[in-house]
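Going down the list, the protein sequences come from chains A and B. Its first residue numbered 1, the first sequence is counted upward by one per residue in the numbering used here. Its first residue numbered 1, the second sequence is counted upward by one per residue in the numbering used here.
Everything labelled a hint here was simulated from the structure, so no lab data went into it. Ideal Cβ positions, reconstructed from N, Cα and C, are used throughout, including at glycine. Take the hints with a grain of salt, since some may be wrong.
[Claimed, not checked] Computed far set for chain B versus chain A, every beta-carbon distance over 12 Å:
no.	residue
1	28
2	139
3	323
[As the list claims (entries may be wrong)] Computed footprint of chain A on chain B, listed as stretches where at least three residues anywhere in the stretch have a Cβ under 8 Å from a Cβ of chain A:
no.	segment
4	65-71
5	99-110
Below are the chains, spelled out letter by letter.
There are 2 protein chains.
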Amino acid sequence: MAMYSPQPVESACYPRGFRAAGVTCGIKASGRPDLAMIVSETRCEAAAMFTQNRFAAAPVVVSRRHGRNGARAIIASSGNANACTGEQGERDALAMCEAAGRAIGAPAEEVFVCSTGVIGVPLPMDKIEAGIPRVAAALSPTGWESAADAICTTDAFRKMAGRRFEVGGKDVRLIGMAKGAGMIHPNMATMFCFLATDAAVESGCLPTVLRPAVRDSFNSISVDGDTSTNDTVILLANGAAGNAAIRRGSAEAAVFENAVRDICIELARMMVRDGEGATKLVTLRITGARSDDEARQVARSLANSILVKMAFLGEDPNWGRIAAALGNAGVELDPRQCSVGFDGMRVLDRGTLTGADRGALAAAMKKPEFSVEVDLGTGGSGAAIFWTCDISDAYVSFNAHYTT
Amino acid sequence: MAMYSPQPVESACYPRGFRAAGVTCGIKASGRPDLAMIVSETRCEAAAMFTQNRFAAAPVVVSRRHGRNGARAIIASSGNANACTGEQGERDALAMCEAAGRAIGAPAEEVFVCSTGVIGVPLPMDKIEAGIPRVAAALSPTGWESAADAICTTDAFRKMAGRRFEVGGKDVRLIGMAKGAGMIHPNMATMFCFLATDAAVESGCLPTVLRPAVRDSFNSISVDGDTSTNDTVILLANGAAGNAAIRRGSAEAAVFENAVRDICIELARMMVRDGEGATKLVTLRITGARSDDEARQVARSLANSILVKMAFLGEDPNWGRIAAALGNAGVELDPRQCSVGFDGMRVLDRGTLTGADRGALAAAMKKPEFSVEVDLGTGGSGAAIFWTCDISDAYVSFNAHYTT
């Protein structure tokens, strides 16, 4: 899957009133781009979601306080996570917001800051503070790709997605960029997603749109079950499309929410594809749960089971491992009601083996993408879709021998 | 660690009034021993603990109902787990108890049954029913090693431990045997532990002894976080030592409990050592938690983190991964109060990096056994000890390419 390369995003999706750029400021020894900035000409409505990890990194601590009354910009660096860096780390994260704010004439509280890379090492602030005016000077309405490149760490490819849709007869544009290979990176263990739209959105509406989209995308993927200290998703909406502001709970909000969810799912799937050395992108389809939450809990148990991942790598339709992971999901279930299938071929039907053709099952699992279906048979209609991948020999080599 | 071989158990630890044996009945294609039996001359007090997996296998379903009013025997087969085998599986498990009971003149309800091996395939009952009279005929007071061999599947070595201790001036003997390599085996994913003692124990005392011993041993190890459908721990006490029956909560019960815990920990550590391809046995020492349960929860998060395991394999003192796993443990903690050490060398002291010598840290991690210490600094005195291992390239090869 390392050869996978997503389609570029059409520039017609670039939202109006935003500029973006990425430059090399010298954090990465490799000389690759490591400082990105996204700026709106006007103050945006903003919603952000952050890692649940208790060891939240300094930029997360600072960003959580920012954007409460709107935001103008995101400043993001790669190569150093500014995590586990104590009070100095928080001062540095704030200094990045201040420098970015100065460069565009905005208060620091209107700037979100994100960093990804090695943990426990102070940021090279001299390089970053010299870089911020440069990245600000490089800002351009078409600079999205260079920004997307500058947030990558070990990503094998750039991750972007875009949509155009209509709201109240107005053309609305939405772009998203992401980094991360499913939270699997050792010291660069982070996912970011930055979304920018020119939709006009009423205050309070954005979080209600972002939350379910993140639940169904970035919170529905797993590579190795670890959650980074820096994970951040930010959605900015500047209103340049000129539509009547989208109201919470309206039909327009539903259209907007679907577009945001679509982009998030597209980016999340790219992350799973990018799991170092992963050879399989597996879609888990859970049905028949008492609730969607219960279905997600079951999906997570399957997605994180090392033995299930090993079966994916081995192209082995080993439903016994699926059953064992189901039984460990912490959900009340009756094995006699459970059904399991691989790529649409049912191997277990309400607790009874179907005698499905082993050859056909194995053939399905030889594909780079396939699905696993589980029906819990509780009588409920709770369902979830989740994406996961295998753990390969290459993953082990990379992650064991990666040095701090 | 494949070369590791535990000391044999002195026959002086063999409990009186018990006989054991293992034979080949033909479940395993390899022709290796696959049917074990442990029998007491008299009815024993019995305590048993079983997998929490909702897909509990048929022998677990049957054994849960047995031994309520004492037990005479354990019949255990290896090579086929009798798991996910539906009602036929339960009939077969019960038939094993009946056949074993007939062979020794005991009702089926006084026989525990255990099976381990492939999932989803009916037991070859003709072979097993022919084998049970043979294993019963082979029973001997010194047959423990042959029984221990016959419960192995992919185990690299036999797992036994024994103790002698005094209770009320009487010589008491306790023996334990186990199988399993930390629940990591694909279709043979099971741990068993059978404990037999000649101590006299009052009714109701045994479960109170077994529960904390299992908590501190088999529930304090992790190889890959998966729990099998067949996990079973059984403790039989036949009173042949002639001591005054040990009463729940007495000083004698504490002596007995310590012996049971010791043996369980010894066997549990053998399982972690036996994790296929594992190269490191790592002891996690968690202190400063609000409660022991909280400390265990933190230990489990560390023990199951794939990235932490990869760091162990890579001999990398990567405390950032430890911190990330701590932050994901689901426990309320303050990073500024947390301390982390490797083999006694503190790298993080109440949230501040100590600048510990990287060379010394790496040297510690090159050893086949080392420890990781975490102090949560909550002000509480909750603590836990947990054992885990790395995931190696060999583990991946074995588990991915193991075929049903």
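Structure-based check of each hint:
The Cβ of residue 28/B sits about 18 Å from the closest Cβ of chain A, beyond the 12 Å cut-off, so the non-interface label holds. No beta-carbon of chain A is positioned within 12 Å of the beta-carbon of residue 139/B; the least distance is around 32 Å. Here residue 323/B does not stay apart from chain A, with its beta-carbon only about 5 Å from theirs, under the 12 Å limit. Residues of the segment 65-71 of chain B lying with their CB closer than 8 Å to a CB of chain A number 0, which falls below the three-residue condition for coverage.
Under the rule that three or more residues need a Cβ within less than 8 Å of chain A, the assignment of the segment 99-110 of chain B is violated, with 0 such residues.
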